[in-house]
Amino acid sequence: MRNVLSSIAKRRVLAAALAIALTGGSAAAQTPDSSPPADSRGNEIQQEQAAKAAAQHAYVPNIAERTFLSIEDHGGFGAVRPLSPAFVGIKAGSGLALGVASGRQFSEGDVLQATAAYSIRNYKMVEGAYRSRPLAGDRLSFSGRVRWQDATAVAFYGLGPATPHTRADYRERKTEASVQARLDPVRFIELTGGTGYEHFNIGPGTSNRSSVGELFTPVQAPGLEADPTFLHSVVSAAFDTRASPGYSRSGTLLRGLFHDYRDRNGGPYSFQAREAIAQQLVPILHGNWVLDFEAHLWTTKGVGGDTVPYFLMPTLGGGTFLRGFGNYRFRDRNALLLTGEYRWYVQEYVDGVIFYDAGKVAPTLGGIDLSGLEHDYGAGVNFHSTVSTVLRIQVARSREGTRLILGFSPPAF
Amino acid sequence: MKTRLLLAGLGLVVLSAVVPAASPRFYDDDPITRVADTQDASHVKPWEISLAYDSLLNLFGHPGDPATVRAADINTIDQLPDSSWFTNRLGLGGLTADDMRRGVDDDTGPAPGPWTVRTGKGNGVSPGFTITDVRGRRYFVKFDPPGWDELATGAEVAVTRYYHALGYFVPQTNIAYVRRTDLVLARGATTTGADGKGRPMRVSDIDANLSRAAREKDGRYRAIVSEALPGTPLGGFRYAGTRPDDPNDVIPHENRRALRALRVFGAWVDHVDAKAINSLDTLVERDGKSIVRHQLLDFGSTLGSAGVGPRDRRDGYEYLVDVSASLKALPAFGFAPRPWMLYRYPDYRLIGRFNATSFDPETWQPRVPNPAFLRARPDDLFWGARLLMRMSDDLIRAGVDAAHYTNERAAADLIKILIERRDKIGRAWLPAVNPVVDVALSGDGVLTFQNAAVQAGFAQAPPAYTVVWSAFDNATGETRRIGETTGGLRMQAPSGVPAAAGAYVQLEISAPQAPQKTWSVPVHAWFHRTGDGWKLVGFERLP
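These protein sequence lines are chains F and R, in that order.
Mind the numbering: the first sequence is residues 1 to 413 in the numbering used here, read in order.
Mind the numbering: the second sequence is residues 1001 to 1543 in the numbering used here, read in order.
Do not rely on the hints blindly, as some may be mistaken.
[Claimed, not checked] Some residues of chain R that are not near chain F, with every Cβ distance over 12 angstroms (derived): (1) Thr1119; (2) Ala1214; (3) Val1321; (4) Pro1494.
[As the list claims (entries may be wrong)] Computed footprint of chain R on chain F, listed as stretches where at least three residues anywhere in the stretch have a Cβ under 8 angstroms from a Cβ of chain R: (5) 66-75; (6) 130-143; (7) 347-361.
[As the list claims (entries may be wrong)] Derived CB-CB ranges, DEER-like: (8) R/Arg1135 with F/Val186: 18 to 24 angstroms; (9) R/Gly1061 with F/Thr252: 39 to 45 angstroms; (10) F/Val303 with R/Ser1211: 41 to 47 angstroms; (11) F/Val186 with R/Gly1219: 56 to 62 angstroms; (12) R/Gly1136 with F/Ser250: 45 to 51 angstroms; (13) F/Val303 with R/Ala1186: 47 to 53 angstroms; (14) R/Ala1336 with F/Leu96: 30 to 36 angstroms.
Everything labelled a hint here was simulated from the structure, so no lab data went into it.
Computed from a prediction, not measured in an experiment: that's the story for all the values here.
Built from N, CA and C at the ideal position, the CB exists for glycine as well.
Using the sequences and the hints given, assemble the complete structure.
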């Protein structure tokens, strides 16, 4: 306790100095130091504790701690809140979008949430969404949403694999009301089905670039003059052994989707789309290295001689698919993307990434082969939680130049 | 100028007014064996500690005393007295294997019969309930994660017993088995809803909880049952600073050896989760007043367990965020893997990721920097290592016995690992400072002592020890050299040592010829002459 003794003496001096400074000396007589010197170790400790008793006060957390406590007390960082900032993706190419979300999570787990967002490129979105509680022992859930979005300048370079780097823009306003169900009958198997109405209002883009109608004809851009309303139904089946869809270091994904778009305005734009995804994550040395191989195939076909509108055709380019090219750089009725990614452990929540993408679009499914693939490569850093990739900072290079990719996803924990 | 004069004058007034009269170095009641909490703490208010804030503060800040000073909760002979933080148990000797198997008290868990579920844990990752048994006793119940039978429950029971034996306040924990049919929902039971608010609990909540628990082949669920700690919960304690509303909490926590030594014990059992929210202060009644008792909780993330599965490979080897390691790893493109990625672990799932071969006590790290661990000095680590070395093979075995592992070979392997890790700790920290212990001076002037590192077989005995003898003035702290002796573990005092009652002598004991340079730094021992002979009143391994 000698150490206690010396620290007690120092603190007494400081406390008394402070008391005198604050009271002009009158407080000195009231400090514990005015008590007689301790005559035992026990007495000395008692005096120290008595001195603190005279000055004890409640703990007051600072503003940062109060903020964290409030977040934790209300369900954590991923919780639905009455009012919160929202970092949402409106549509690829929107740029950074900020908004507000107002939601409520009910005691059984149902979630109701309204979100509004506005991006630096003037894209807008308003959405009301519902997600059911987990049902049937966590195997079944339902969701639905009503959404309006306005993408003011969506890029269009024409259809086909060899389009010149001449960009036109169109404006896409979309209104949607849809419902979806998801069933996980057994481990690793996921079945989904949904349907909804989607109304598209297509017009000239608001940027300084030429509009699609100025550079392309309806033959070159089917659906140029259309404002269709679709009954859009979708079913999918997946075998997914990944730890989480948002972030995983191992596992396999095999997913097939079938979309049916029925033009409810009587126009010639009913079509069907099929999508196949295969992903294999290969961990090496306990996840120090991860090889990520992905293949995506999209096909579309008009129903009964109808046409697939250009604004719903598969596209390549942008921060996710064929990253070395601009958003929607390639577009046609069919598309293929092959990606190889090498990730390495930097620290628990950071991975280094090197990637190579190759892909092409084609007017017919027969045109989808491994010849004439566009390709890019790049590197970057991914910041992630245990279940989601929160931020991607990547640089990608292609024959059309070098692009910086900042991909942000809301954190999930 | 006027201001300077005023400040100078004020300084003179302060010093003359409050500097206490010179205190003696040793009081008659030294060395104390117990620190009493003398003040009533009934005004202490419960507080919440934010996990995120606490983690960020410890990862990126440096909370606590900037200087690493000598532990402030030790007595004058460098030992921890009993207190509201610590109770000498293992250190006193005499702890038996039965004591270890017994744990905190005689409670062995819920009585046979149905368990009445009172509260649920909501949608947390780790399933659990609060129940009462047929006697009305309340227990917290937690289960193993699916696929990892006995991993978390075994670790929690064994390590809780070890920490209790080492001297800490912990809840009594036991292994119990329950069938779904034995779980009965109490009328008025509540749980936490998805919205974070309380709501009535339903039978389906029990099933949802159990769906996240490991199930035995015979349909039972193995659980850890822990008694509620006595007193009113006040929230956890931080590992830096003091609780401002607890009058008895006068020593910054980072300067408490009781907490610094957890660096040693944490390394032993891989308690990587030693953080504020895994502790609990409770208001208890003692001697007619309320005081705060400080307890450690939640040992599910120990041994090879992370509570919800096996421990991360990084655990114990690297902080959750290590900027320096990250900056090296990024440009290496993964071709400089961390050594811990290559370590191998036992094949038994109930052990998880826990071994001795890759364990290095000196480089061991918890998940998040701990202010008390960071300030642990060699004398704190020595103290902890010496206490741990008292944890005999039999006591370690008894702790594992209490976990009721069903695979005897796996349990035997676990015991072997714990023994090897204990010995690694002894090898690392006993010889790291001058390991002279058990210093005694007989009434006729025969000095005896031991060398803890040599005693444990972790170092060779030095050729000789040198002792410098001085008369010591307890009032002024002044010393007067009497003489110097050289020899082994037993020496006769030189002539001139005072023999009058009330006299003090100071001894500086070192081993200058030892290969360990630190052994040439003398330990200091002070003896007070009483009617019964010489009494050890002071011991200082490092200043």
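Checked hints:
For R/Thr1119, the non-interface assignment is confirmed: its Cβ lies about 15 angstroms from the closest Cβ of chain F, beyond the 12 angstroms cut-off. Separation of R/Ala1214 from chain F is adequate, the least Cβ-Cβ distance of about 16 angstroms exceeding the 12 angstroms criterion. Listed as outside the interface, R/Val1321 is inconsistent with that label: its C-beta sits roughly 6 angstroms from the nearest C-beta of chain F, within the 12 angstroms cut-off. No Cβ of chain F approaches the Cβ of R/Pro1494 within 12 angstroms, the least distance being about 26 angstroms, so the stated non-interface status holds.
Check result for the segment 66-75 of chain F against chain R: holds, 7 residues qualifying (beta carbon to beta carbon below 8 angstroms, three or more required). For the segment 130-143 of chain F, the assignment as covered by chain R holds, since 3 residues bring a beta-carbon within under 8 angstroms of that chain's beta-carbons and 3 suffice. Figure legend: the segment 347-361 of chain F, annotated as covered by chain R; annotation consistent (6 residues with Cβ-Cβ distances under 8 angstroms, at least 3 required). Here the CB-CB span from R/Arg1135 to F/Val186 is close to 42 angstroms, at odds with the stated 18 to 24 angstroms.
For R/Gly1061 and F/Thr252, the hinted distance range of 39 to 45 angstroms is satisfied, since their beta carbons lie about 42 angstroms from each other. The supplied range of 41 to 47 angstroms is met by F/Val303 and R/Ser1211, whose beta-carbon atoms lie about 43 angstroms from each other. Taking 56 to 62 angstroms as the suggested C-beta distance range, the pair F/Val186 and R/Gly1219 does not conform, at roughly 21 angstroms. Checked against the given bound of 45 to 51 angstroms, the beta carbons of R/Gly1136 and F/Ser250, roughly 48 angstroms apart, stay inside it.
At roughly 59 angstroms, the beta carbons of F/Val303 and R/Ala1186 sit outside the given window of 47 to 53 angstroms. One distance hint, 30 to 36 angstroms for the beta-carbon pair R/Ala1336 and F/Leu96, holds here, with the actual separation near 35 angstroms.
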